[in-house]
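**Q** Spelled out from the first residue to the last, the chains are:
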Amino acid sequence: MSQQPFLLLGNPGAASLERLPLLPFEEFRELLLHAVRDRGMRVSAFFAWEARGGRRLVAALSDDTAGRVCLTSAPAPERYACLTREAAAFHWFERELHEETGIVPEGHPWLKPIRFCSGRDGEEPAVTDYFRLHGHAAHEVAVGPVHAGVIEPGHFRFQCLGEDVHTLEISLGYQHRGVERMLVGGPSKRTPFVMETIAGDSSAAYAGAYCGLLEALDEDAGVSPRDAQIRLLAWELERIANHIGDLGALAGDVAFLQTAAFCGRIRGDFLNLTAAICGNRFGRGLVTPGGVGWKVDEMLADRLLRALDTNAADLSHALELMFEAPSVLDRLENTGTVTDGQARDIGLVGVAARACGLRRDVRVTHPYGPYGALSLSPATVRTGDVFARATVRRLELTASLELARGALRQLAGDELSKAAGRAPRVCRPSTIAVSLAEAWRGEVCQVAITDGQGRFERLKVVDPSFHNWFGLALALRNGQISDFPICNKSFNLSYCGHDL
Amino acid sequence: MSDASVWVWGVSLLLALVLAPLQLGVIAKVKSFFGGRRGPSVLQWYHDLWKLLRKESVCSSTSAGLVRLAPPVGVASCLCALSLLPLGFMDSPLGFTGDIIVFLYLLGIGRLALVLGALDTGSSFEGMGASRELHFSALAEMAIVAVVVFLVMLTHDYSLGGVLNTAGTEAWRGSGTSLILIVIALLLVTLAENCRVPFDDPETHLELTMVHEAMVLDHAGPDLALIHYGAALKLWVFAAFLTTAAVPGRLFACPWTGLAVHVALVFVVSVAVGVIESAMARYRFLKVPYLLLTASAMAAMAIFLLEFGG
Numbered sequence: 000m001s002q003q004p005f006l007l008l009g010n011p012g013a014a015s016l017e018r019l020p021l022l023p024f025e026e027f028r029e030l031l032l033h034a035v036r037d038r039g040m041r042v043s044a045f046f047a048w049e050a051r052g053g054r055r056l057v058a059a060l061s062d063d064t065a066g067r068v069c070l071t072s073a074p075a076p077e078r079y080a081c082l083t084r085e086a087a088a089f090h091w092f093e094r095e096l097h098e099e100t101g102i103v104p105e106g107h108p109w110l111k112p113i114r115f116c117s118g119r120d121g122e123e124p125a126v127t128d129y130f131r132l133h134g135h136a137a138h139e140v141a142v143g144p145v146h147a148g149v150i151e152p153g154h155f156r157f158q159c160l161g162e163d164v165h166t167l168e169i170s171l172g173y174q175h176r177g178v179e180r181m182l183v184g185g186p187s188k189r190t191p192f193v194m195e196t197i198a199g200d201s202s203a204a205y206a207g208a209y210c211g212l213l214e215a216l217d218e219d220a221g222v223s224p225r226d227a228q229i230r231l232l233a234w235e236l237e238r239i240a241n242h243i244g245d246l247g248a249l250a251g252d253v254a255f256l257q258t259a260a261f262c263g264r265i266r267g268d269f270l271n272l273t274a275a276i277c278g279n280r281f282g283r284g285l286v287t288p289g290g291v292g293w294k295v296d297e298m299l300a301d302r303l304l305r306a307l308d309t310n311a312a313d314l315s316h317a318l319e320l321m322f323e324a325p326s327v328l329d330r331l332e333n334t335g336t337v338t339d340g341q342a343r344d345i346g347l348v349g350v351a352a353r354a355c356g357l358r359r360d361v362r363v364t365h366p367y368g369p370y371g372a373l374s375l376s377p378a379t380v381r382t383g384d385v386f387a388r389a390t391v392r393r394l395e396l397t398a399s400l401e402l403a404r405g406a407l408r409q410l411a412g413d414e415l416s417k418a419a420g421r422a423p424r425v426c427r428p429s430t431i432a433v434s435l436a437e438a439w440r441g442e443v444c445q446v447a448i449t450d451g452q453g454r455f456e457r458l459k460v461v462d463p464s465f466h467n468w469f470g471l472a473l474a475l476r477n478g479q480i481s482d483f484p485i486c487n488k489s490f491n492l493s494y495c496g497h498d499l
Numbered sequence: 000m001s002d003a004s005v006w007v008w009g010v011s012l013l014l015a016l017v018l019a020p021l022q023l024g025v026i027a028k029v030k031s032f033f034g035g036r037r038g039p040s041v042l043q044w045y046h047d048l049w050k051l052l053r054k055e056s057v058c059s060s061t062s063a064g065l066v067r068l069a070p071p072v073g074v075a076s077c078l079c080a081l082s083l084l085p086l087g088f089m090d091s092p093l094g095f096t097g098d099i100i101v102f103l104y105l106l107g108i109g110r111l112a113l114v115l116g117a118l119d120t121g122s123s124f125e126g127m128g129a130s131r132e133l134h135f136s137a138l139a140e141m142a143i144v145a146v147v148v149f150l151v152m153l154t155h156d157y158s159l160g161g162v163l164n165t166a167g168t169e170a171w172r173g174s175g176t177s178l179i180l181i182v183i184a185l186l187l188v189t190l191a192e193n194c195r196v197p198f199d200d201p202e203t204h205l206e207l208t209m210v211h212e213a214m215v216l217d218h219a220g221p222d223l224a225l226i227h228y229g230a231a232l233k234l235w236v237f238a239a240f241l242t243t244a245a246v247p248g249r250l251f252a253c254p255w256t257g258l259a260v261h262v263a264l265v266f267v268v269s270v271a272v273g274v275i276e277s278a279m280a281r282y283r284f285l286k287v288p289y290l291l292l293t294a295s296a297m298a299a300m301a302i303f304l305l306e307f308g309g
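Chains as they are written, first to last, in numbering that gives the first Met the number 0: chain A, 0 to 499; chain B, 0 to 309.
What follows is a set of in silico ranges between Cβ atoms, one per label pair, in the way DEER data are often shown: (1) B:97 / A:132: 40 to 50 Å; (2) B:37 / A:161: 39 to 49 Å; (3) B:42 / A:161: 40 to 50 Å; (4) A:274 / B:175: 58 to 68 Å; (5) A:271 / B:267: 34 to 44 Å.
Read the hints as simulated data drawn from the structure, not as lab findings.
Think of the CB as a built atom: it goes at the ideal place given N, C-alpha and C, for glycine as much as any other residue.
Taking the hints into account, I'd like the entire structure generated from these sequences.
**A** And the structure:
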């Protein structure tokens, strides 16, 4: 039987499991390498699935030019020649695969657990071998998992020559909660709440991706235009608040107090806009399958629109101060540079990728929901340094404010019909569905496989941080150890999103 | 030396001891103002010191005991340095010819104690902090020695009192330009020696970027209170040095006016530090040496102007 090597899906998309190709492993391996190295596809997910006919490896690659997600699978071997050596984007995925299933990607350069969740003896976060430099001039600095600020736990090992960092190794896993296991057997009443807390600062984006899955799994489901605009508002407000927080924190780390203080306040003002819609500042329960949990009437939209304009004026003032201070620019420029080649190789996503000049924004390449009707272009900068990542955030703030304004104007008018959408009721059995969403950090990918009763048999979640933590390690190579905090803030990755 | 002048000097010393933590409060207030915040009370540091004094000192178990030595030696060296300075524009009764060299090395002893204490804890952060402190202070020392050379050449005097008090009067007569260079160089040294922005960030919680703060991570309770108090005294020492050299204090007819002006000027320096910290970001470490070399170059230029400028 000759079959297509890939199952092509839109975003979100679903298809019967029968249509998921099952290739011989060698063919699967060559196909993935070819797609990633020669055709520029991104690895959105790569995982093992215990199918009824035996364990399979499933890969979901994103084709950014065609706007498709390409799915394929192969029977899982016990050992195989690793993909990482030929396509570095698989590095983290193969480590995860090995940790979760014991499958050995032979020749993998650094086959360590990434979450230390196996429960095997002696496998605990940070209690492990690290890459080490030997010699009189080398010294090792260990930071975390308990930090001097109120932040999530993570362990950082620097191998230094004086103030210069030779390598940084990042060891995570402290926040592992077994999210994917919790999701099996769903969708249940619990599932949306689990989704919203995978990375609490991206609640709306995660809820959006999850809703995409369910809406793809039930062909009859649909979202009303008015609800779609409220969703867009929720997603963009989330992006705005977080980008402001990041820029403020960056200013704080270089001791530029004015912007740090102002951004701290303005971030809260934007979070309060979300709170005005749904009663909490992080948009919990706002995006729900089939629509939204809270309505925005004309009066509220009008009020939000005015508040948005006031806040935006304050914001542009605070950011101007920062981006026009030579002392700030001097700190940000040429610090923590990741080249576009490195970014492409390791598969960076989101802000970090766009700061390297890569046009990677799911809203643009795989438009979903309300984004389909908009003509967006990704905000890119070429230099790949901390300044670039800050600038991308600044550009996106402007764009997102405009998007939020557009949504609010439509909600304040009465062109949008108030007809309710149709909430998804059942999930198609024996189906594979995929949904991508652009959270403020980058791509959130969810792949669901349902069993014969339409329950989740496997739900793979990939947080943008999963792709990007290694980017932070690269940014520090041959950098200054004292620049670590601003590099870290410029990525601002999620620990719990990574650890699941 | 008249009785009044000794009294003025004594009262100035007392005020320095009492008001030193207030400088930090003033700096914080200025920074809050520029940040659009209300900020902590100017007296906050007194509360903090009092709080620390009532706590228990905890000592790292890897320490050989040097770490406990750092805080008292730091404060003592600052006190000695302060007592050699002409405060309130009055010569110190403890001053002597050549005390300017003693003054410089008293400050050095305080630093030595702190650095040894930091290395003694065996923490990698404190080791990094100590290494950075020595790196930067070596360069700052070059600048301040150049400043002292200028002052000595200007006044042909070798005691702190004579040098500083005469400098203000003398220089404005003939070498104002060079004195302006010296004041800028001194201000840079003041910022560097007191770990202020753009050299260091006294408010950071990020161990990897700290200089002074990293060295005191393992201190707690009364030890930490002494370190903070010593740092406040050191800021006063530098502010007094800077303002006495820059302002012709001998011109005040009434010695008590001089005292008031002296104290006011010290707080003007605090305000200036606050403004600088609000207006700019901290430099990256690689650039800090350039800024300190600039201070040395300015002092060298001042010497050049004095000798050949006519």
